[in-house]
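Start counting at 1 in the sequence shown, then tack on 249, and there's your number in this note's numbering.
Calculated directly from the structure, the hints in this document are not laboratory data. Don't take every hint at face value.
Simulated pairs of lysine-lysine, DSS-like, Cα-Cα distance not exceeding 25 Å [what the hints assert, rightly or not]:
1. K438 - K480
2. K469 - K480
3. K389 - K274
4. K499 - K469
5. K502 - K480
6. K438 - K531
7. K398 - K429
8. K514 - K494
9. K410 - K304
10. K494 - K429
11. K288 - K389
12. K410 - K438
13. K429 - K531
14. K480 - K497
15. K438 - K469
16. K502 - K514
17. K429 - K502
18. K499 - K429
19. K531 - K502
20. K398 - K304
21. K494 - K438
22. K429 - K389
23. K389 - K410
24. K494 - K531
25. K389 - K438
26. K531 - K480
27. K398 - K410
28. K514 - K438
29. K469 - K429
30. K438 - K288
31. K502 - K410
32. K274 - K288
33. K514 - K497
34. K514 - K499
35. K469 - K514
36. K304 - K389
37. K480 - K499
38. K429 - K497
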Amino acid sequence: MNIQAYIESGILEEYVLGTVSPQEKQEVECMSHIYPEIKEELLRTESALEEYALKHQATPPPSLKESIFAQMSFDAPVEDEQKAEEEIISVKPDARVIDNAFGRVETQVVTPAWAKMAVAAAVLLALFAGWSAMQMTDMKSVNNEMVAKVESMEADMAAMKSQAEYNQSLAALFRSPSYKHIHLAGLPKSPESAVSAFWNQQTNEVLIDVQNLPAAPEGKQYQLWSIVDGKPVDIGMLDNAFAGKVLKMKNTKPGSVAFAITLEKEGGNPTPTMEEMYVMGKVV
């Protein structure tokens, strides 16, 4: 399994944010138990998000709670209650007696204070949930930015690693006694061009490092030649993306006295186009 590719897929960040499916959640937990690298990255991601949340946490404004409770009345005013009692028990002298007055029962629905408080608490909880959702959205946006930055850093590190490997390979070729170095200097067609060729005279393997060549036009490609017994020998086409690479070419023939590069049609020619020769170097 490619552990690095799994880490870079973004599933660990989604797991920490709680946006994965139950199946993905089980998968991440299983993989973190099997692979220490995944567990370490998961812990690092959780720590980073927790650190960010603590750094950017914000509490609801104190006025929010006060404004909610200010709009709700939990107890009826005492004066109103007393007035109601007086109206009930007071009887005017000329009031008429109503038959079966005590046979009818009037009921009044009274909402207890705890019910009102429960409604207030529910409203407060809903407001807090909405505020928390907005905070989580902001946090997810920041997490996406962090993921993008990490991916950019990983790309930069990959480029640095590739450059380091290229430099090491080139240095090893210059130091190796098995390879003869031939410098191919720019010709009037392109005076600033320069290429290094490395020829293993035991195996006839040829490697080249392009130090400076103009980019090949569309439909064109550079071709490498060796000169053996006064005749050009095709030893391969250069990859158009030649910068920062040590290119492995075809084997040459024993007795090569020089190497040259010409610009040909894409795919190459059986014989070199002399007026399109860019660099050449003699074997000394």
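- Query: What are the numbers of the hints that this structure violates, sorted from low to high?
  - Reply: 7, 9, 12, 22, 23, 25, 29, 30 and 31
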